[in-house]
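Sequences and hints are given; from them, build the entire structure.
Chains as they are written, first to last, in numbering that gives the first Met the number 0: chain C, 0 to 82; chain F, 0 to 82; chain V, 0 to 154; chain E, 0 to 154.
Take the hints with a grain of salt, since some may be wrong.
Straight-line distance between alpha carbons at most 16 Å, and here's what the computed EDC-like set of lysine to aspartate or glutamate pairs gives [what the hints assert, rightly or not]:
#, chain 1, residue 1, chain 2, residue 2
1, V, Lys154, V, Glu72
2, F, Lys1, F, Glu17
3, C, Lys1, C, Asp20
4, C, Lys68, C, Asp37
5, E, Lys154, E, Glu72
6, V, Lys90, V, Asp7
7, C, Lys11, E, Glu67
8, E, Lys145, E, Asp39
9, V, Lys145, E, Asp108
10, E, Lys124, C, Glu59
11, E, Lys64, C, Glu59
12, F, Lys11, V, Glu130
13, V, Lys90, V, Glu56
14, V, Lys64, F, Glu72
15, E, Lys124, E, Asp39
16, F, Lys1, F, Asp44
17, F, Lys11, F, Asp44
18, V, Lys90, V, Asp39
19, V, Lys124, F, Glu59
20, V, Lys143, E, Asp108
21, E, Lys64, C, Asp20
22, E, Lys143, E, Glu131
23, V, Lys151, E, Glu131
24, V, Lys64, F, Glu59
25, E, Lys90, E, Glu6
26, V, Lys143, V, Glu72
27, E, Lys151, V, Glu56
28, E, Lys145, V, Asp108
29, E, Lys90, E, Glu131
30, E, Lys124, E, Asp108
31, V, Lys145, V, Asp41
32, F, Lys68, F, Asp20
33, V, Lys44, V, Glu130
34, V, Lys124, V, Glu144
35, V, Lys143, V, Asp39
36, V, Lys90, V, Glu131
37, E, Lys143, V, Asp108
These aren't lab readings, by the way, just hints derived from the structure by calculation.
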Amino acid sequence: MKVLYFAWLRQKIGMSEESIDLPAHVSDVAGLLDWLSDRGPEFADALTHRQVIRVAVNQEHVTFDAPIKAGDEIALFPPVTGG
Amino acid sequence: MKVLYFAWLRQKIGMSEESIDLPAHVSDVAGLLDWLSDRGPEFADALTHRQVIRVAVNQEHVTFDAPIKAGDEIALFPPVTGG
Amino acid sequence: MIRVQREDFDLGQEYAAFADQDAGAGAIVAFVGRVRHMADPDQPKSDDNLIRSITLEHYPAMTQKELERIDREAQSRWPITSSLIIHRHGKLFPGDQIVLVLTASPHRDAAFEAAQFLMDWLKTKAPFWKEEETGAGTRWVAAKEKDDDAAKRWK
Amino acid sequence: MIRVQREDFDLGQEYAAFADQDAGAGAIVAFVGRVRHMADPDQPKSDDNLIRSITLEHYPAMTQKELERIDREAQSRWPITSSLIIHRHGKLFPGDQIVLVLTASPHRDAAFEAAQFLMDWLKTKAPFWKEEETGAGTRWVAAKEKDDDAAKRWK
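As C-alpha cells, this is what we get:
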C-alpha cells in the first residue's frame with residue numbers, strides 16, 4: 000500500500016510518500032490512522048488532531064470509515080486551501 | 000417641456016422628440032399621458048397599454064404619480080431590454 | 000467606470016488595465032453578454048428563430064447617469080474596490096459582444112454578487128431597447144419577467 | 000476543460016478561444032483569483048501581514064481527477080455549454096494569478112452560478128495547499144470556515 004503525505008503532514012512526518020505492508024487487522028481508514036500513530040512520535044504528533052486530517056483513497060475523498068485494502072493509494076492531508 | 004419617445008413608442012408616435020407647452024391643469028405623469036393620448040390616434044394607440052409604458056423625468060425613472068413642470072425633460076419608453 | 004460606445008471591446012485589454020490598477024484585489028469577476036444566435040435559445044433552430052441582427056437603441060443623456068447610479072449602488076452594497084461597465088449600442092450581429100461588467104474585491108463572493116447585481120439592475124433599469132431581426136421580420140424584444148424577478152432578489 | 004500548470008495564463012487569449020468555440024452562448028462569466036498582498040485583507044498593513052510569496056503544493060494524480068469531477072458536477076446542475084478551469088501550482092508572488100474559471104451558457108444566471116459553484120467546490124475539494132511567507136515567517140494557510148459554508152449552500 001502506498002501512503003502519501005501533503006502540506007504540514009508531510010513536514011511533520013518528514014516524508015512525502017512511503018510503501019507499507021498493511022497489517023491484517025487494519026481494514027479501514029480509522030484503523031490505518033491508529034496504526035500509523037503508533038509508529039513514532041512524528042506520526043503521533045502529525046495525526047493527533049483527527050478533525051484536521053483529510054483522507055483520499057485512490058484519489059477520491061473518503062471518510063474515516065472507508066474500507067482500505069492492499070494495493071490502494073492512501074493520501075493524508077490537511078483541509079485543502081487552493082483557489 | 001421636451002418629450003422624448005423611444006423604441007416602439009417612437010415608431011408608433013412617429014417622432015423621437017418634441018417640445019410641448021404643458022397645459023396648466025397637467026401636473027403629473029399620469030395627467031401628461033392622458034393629455035397626450037387625446038392628441039391623435041397614433042398617441043392613443045401608443046399609450047393605450049399603460050402597464051408597458053415607463054417614464055423618466057430629467058433622466059430618472061419615476062412612477063406615474065411623479066410631479067412634472069415646465070422645463071422638465073420627459074421620456075416615454077417601453078420596459079428596457081439591454082444587457 | 001462607465002463606457003457607452005458603438006465600438007467593440009477587448010476583454011483581454013480591459014482586464015489587463017483593470018487588474019493592474021487594482022493589484023491588491025484577490026478576486027476579479029468578468030461578465031460578457033453577447034448577441035444570441037437564436038431569438039429563443041430554448042426553442043429549435045428555424046429561420047424565424049435565427050437572429051440576423053439586432054439594433055440597440057438607447058437614451059444617451061440618461062444611459063450614462065443611470066449606469067453610474069447602478070454602479071454606485073453596487074459599490075455601496077459590496078466591498079468592491081473597482082468596477083467597470085461597458086455597454087454597446089447600434090447594429091450588432093450574432094456572437095457580437097454587447098456588454099462587459101468587471102468587478103474586483105478582496106472577497107470572491109462580493110465580486111461575484113456585485114457583478115450579478117450590476118447585470119440584473121442594468122437589464123431592468125438602463126435605458127436600452129433591443130430590436131431583433133429574424134426570418135419572421137423585425138420586432139422589439141419584450142422585457143422578460145425572469146429579469147424582473149432577478150432584479151427583485153437584491154432588495 | 001481542466002488545466003493544472005506552473006505557467007501563468009492570459010485571460011484575453013483564454014477568453015478568445017473559449018468564446019470562439021461556443022459562439023452560441025450569450026453569457027460568459029470569468030473568475031480570476033490572484034495572490035493577495037495581505038495575509039488578512041481585513042487587517043491593517045504590517046510586515047507580518049504582508050505576503051512575500053506563496054507556494055501551492057498539490058496532489059497531481061488526484062488534482063486532475065477531482066477538478067474533472069467538480070466540472071462534471073457543474074455541467075449536471077446548470078445548462079452550461081462550456082467550462083474551463085486553470086489552476087496553477089508552485090511558487091507565486093502577490094498579484095500573480097492563481098486560478099481561472101470560465102463558464103458559458105445561453106442563460107446569464109446559469110453562467111454566474113456555475114462559476115461560483117466551481118470556485119466554491121474547488122476551494123473545498125481540489126487537493127491544493129497554500130504555504131504563505133510573510134514577515135512573521137512561513138505558515139500553512141488554514142482552511143476557512145466561510146469557504147465550507149459557501150460550498151454547503153449548493154447542496
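Now for the hints, and whether the structure bears them out:
1. Distance hint between Lys154/V and Glu72/V is fulfilled; the C-alpha atoms sit about 12 Å from each other, no more than 16 Å.
2. Among the hinted pairs, Lys1/F with Glu17/F is consistent with the structure: their alpha-carbon atoms are about 6 Å apart, no more than 16 Å.
3. Restraint check: the Cα-Cα separation between Lys1/C and Asp20/C comes to about 9 Å, which is no more than 16 Å; the hinted pair holds.
4. For the suggested pair Lys68/C and Asp37/C, the alpha carbons sit about 19 Å apart, so the restraint of at most 16 Å is broken.
5. With a CA separation close to 12 Å, the supplied pair Lys154/E and Glu72/E stays within the 16 Å bound.
6. A C-alpha spacing of about 11 Å is found between Lys90/V and Asp7/V, which places the hinted pair at or below 16 Å, so the restraint holds.
7. For the given pair, Lys11/C sits about 30 Å from Glu67/E by alpha-carbon distance, which is inconsistent with the 16 Å threshold.
8. Distance hint between Lys145/E and Asp39/E is fulfilled; the C-alpha atoms sit about 14 Å from each other, no more than 16 Å.
9. At roughly 10 Å between alpha-carbon atoms, Lys145/V and Asp108/E fall within 16 Å of each other, so this suggested pair holds.
10. A hinted pair counts as satisfied when its Cα atoms are at most 16 Å apart, and Lys124/E with Glu59/C qualifies at roughly 10 Å.
11. Restraint check for Lys64/E and Glu59/C: the C-alpha separation of about 8 Å stays at or below 16 Å, so the hint holds.
12. Annotation: proposed proximity of Lys11/F to Glu130/V holds, straight-line Cα distance about 14 Å (limit 16 Å).
13. With a C-alpha separation of about 9 Å, the suggested pair Lys90/V and Glu56/V falls inside the 16 Å cut-off, and the hint holds.
14. Among the hinted pairs, Lys64/V with Glu72/F is consistent with the structure: their alpha-carbon atoms are about 14 Å apart, no more than 16 Å.
15. For the hint pairing Lys124/E with Asp39/E, the CA-to-CA distance comes to about 22 Å; that exceeds 16 Å, so the pair is violated.
16. About 21 Å separates the Cα atoms of Lys1/F and Asp44/F, which puts this hinted pair outside 16 Å; it is violated.
17. Proximity of Lys11/F to Asp44/F is assessed by CA-CA distance (about 7 Å); at most 16 Å being required, the pair is judged to hold.
18. Among the hinted pairs, Lys90/V with Asp39/V is inconsistent with the structure: their alpha-carbon atoms are about 19 Å apart, more than 16 Å.
19. With a C-alpha separation of about 10 Å, the suggested pairing of Lys124/V with Glu59/F holds against the 16 Å cut-off.
20. At most 16 Å may separate the alpha-carbon atoms for a hinted pair to count; Lys143/V and Asp108/E meet this at roughly 14 Å.
21. Simply put, Lys64/E and Asp20/C have alpha-carbon atoms about 26 Å apart, too far for the 16 Å limit, and the pair is violated.
22. Distance restraint check for Lys143/E and Glu131/E: the Cα-Cα separation of roughly 15 Å lies within the 16 Å cut-off, and the hinted pair is therefore satisfied.
23. A threshold of 16 Å between alpha carbons decides the hint, and for Lys151/V with Glu131/E the separation of about 41 Å lies outside it, so the pair is violated.
24. In summary, the hint linking Lys64/V to Glu59/F is supported, as the alpha carbons are separated by about 8 Å, within the 16 Å threshold.
25. Distance check on the hinted pair: Lys90/E and Glu6/E sit about 10 Å apart at the alpha-carbon level, within 16 Å; holds.
26. The straight-line distance between the Cα atoms of Lys143/V and Glu72/V is roughly 23 Å, outside the 16 Å bound, and the hint therefore fails.
27. For a cut-off of 16 Å, the pair hint linking Lys151/E to Glu56/V is broken: about 43 Å separates their Cα positions.
28. A C-alpha spacing of about 10 Å is found between Lys145/E and Asp108/V, which places the hinted pair at or below 16 Å, so the restraint holds.
29. As the CA atoms of Lys90/E and Glu131/E are separated by approximately 10 Å, the hinted pair is consistent with the 16 Å bound.
30. For the hint pairing Lys124/E with Asp108/E, the CA-to-CA distance comes to about 23 Å; that exceeds 16 Å, so the pair is violated.
31. Proximity of Lys145/V to Asp41/V is assessed by CA-CA distance (about 14 Å); at most 16 Å being required, the pair is judged to hold.
32. In summary, the hint linking Lys68/F to Asp20/F is supported, as the alpha carbons are separated by about 10 Å, within the 16 Å threshold.
33. Simply put, Lys44/V and Glu130/V have alpha-carbon atoms about 19 Å apart, too far for the 16 Å limit, and the pair is violated.
34. Simply put, Lys124/V and Glu144/V have alpha-carbon atoms about 14 Å apart, close enough for the 16 Å limit, and the pair holds.
35. For the hint pairing Lys143/V with Asp39/V, the CA-to-CA distance comes to about 12 Å; that is within 16 Å, so the pair holds.
36. The straight-line distance between the Cα atoms of Lys90/V and Glu131/V is roughly 10 Å, inside the 16 Å bound, and the hint therefore holds.
37. Our distance criterion of 16 Å between C-alpha atoms is met by Lys143/E and Asp108/V, whose separation comes to about 14 Å.
When each numbered hint is compared with the structure, violations occur for hints 4, 7, 15, 16, 18, 21, 23, 26, 27, 30, 33.
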